[in-house]
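Student: Each chain, written out:
2 protein chains.
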Amino acid sequence: MKWSMSQINKGSIDEKFSLIHEHWRPKVVAQLNGQELKLIKFAGVFPWHHHEHEDELFLVWRGEMRIEFRDQSVRLRSGEFCVVPRGVEHRTMADVEAEVLVFEPAQTRNTGNVVDKVFTAPNGVPL
Amino acid sequence: MKWSMSQINKGSIDEKFSLIHEHWRPKVVAQLNGQELKLIKFAGVFPWHHHEHEDELFLVWRGEMRIEFRDQSVRLRSGEFCVVPRGVEHRTMADVEAEVLVFEPAQTRNTGNVVDKVFTAPNGVPL
Chain A
0 MKWSMSQINK GSIDEKFSLI HEHWRPKVVA QLNGQELKLI KFAGVFPWHH HEHEDELFLV
60 WRGEMRIEFR DQSVRLRSGE FCVVPRGVEH RTMADVEAEV LVFEPAQTRN TGNVVDKVFT
120 APNGVPL
Chain B
0 MKWSMSQINK GSIDEKFSLI HEHWRPKVVA QLNGQELKLI KFAGVFPWHH HEHEDELFLV
60 WRGEMRIEFR DQSVRLRSGE FCVVPRGVEH RTMADVEAEV LVFEPAQTRN TGNVVDKVFT
120 APNGVPL
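These protein sequences, in sequence, are chains A and B.
Just so you know, numbering that gives the first Met the number 0 puts 38 at position 39 of the first sequence, and the rest follows in order with no gaps.
Just so you know, numbering that gives the first Met the number 0 puts 9 at position 10 of the second sequence, and the rest follows in order with no gaps.
Do not rely on the hints blindly, as some may be mistaken.
Copies of one chain are not kept apart here, so a pair can be met inside one copy or by any two copies together.
Simulated crosslink set (EDC-like; lysine to aspartate or glutamate; CA at most 16 Å straight-line) [said to hold, decoys possible]:
#	residue 1	residue 2
1	LYS9	GLU67
2	LYS9	GLU63
3	LYS9	GLU79
4	LYS26	GLU51
Since the hints were derived computationally from the structure, they do not count as laboratory data.
Taking the hints into account, I'd like the entire structure generated from these sequences.
Tutor: Shown next as structure tokens:
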């Protein structure tokens, strides 16, 4: 079987982020093993939620964000990462626009157990 | 259920890389959904191999690397990424030491279908 360049899926994180002009709308840049690498621009405060069956990895590419839990808050600066285990209620926020990589199972809903008119985003949207 | 900071698993990619003093030895810095985020310092040429059941995501954190396939070569600079689909023979290399994030299923053997005295590394080694 012969693979072409398009199947090999090379990309630049910076270039991909430069194409994103919305906040809180995950864009899928890679799919593998039933998981997706998503790029998200954070700004402001996201709703409280949890994911019943999915752990989430956040890795800050540029800027700074916080993840609030009910009993603590984690500040993530550029180059810092954090795993939010399934079932754990949390909300994310950024005072100034931040660029964040998220790795999680394909089709994970961004607002988890919550449906929010403003924040719930379509799933599996490629960049 | 109450989660403590240690369970939340915050980390800095740069700090983690500063603790790695071997080439080609994957160190696991996060586990989620049966997958692992591994940090690897590349230098030199890795053996040809493929992974029967695992796709692999490479994201260059610092430096530059190449992934050679039998019919093409992909050069990845800092901030560039590439998915190597399961079953596709490849080898990785770096002329100068490069720091690379790898995301793949837990317990993926680094040399895939090959067992190499020098390059096959223990699996699931945390940092």
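Student: Each hint needs a verdict: does it hold in this structure or not?
Tutor: Status of each hint after checking the structure:
1. LYS9 with GLU67: Between. Shortest inter-copy distance 13 Å satisfies the 16 Å Cα cut-off; intra-copy 33 Å does not.
2. LYS9 with GLU63: between (26 Å within a copy, 14 Å between copies)
3. LYS9 with GLU79: between (23 Å within a copy, 7 Å between copies)
4. LYS26 with GLU51: For LYS26 and GLU51, neither the intra-copy (21 Å) nor the inter-copy (28 Å) Cα distance is at most 16 Å.
Of the numbered hints stated above, the single one contradicted by the structure is hint 4.
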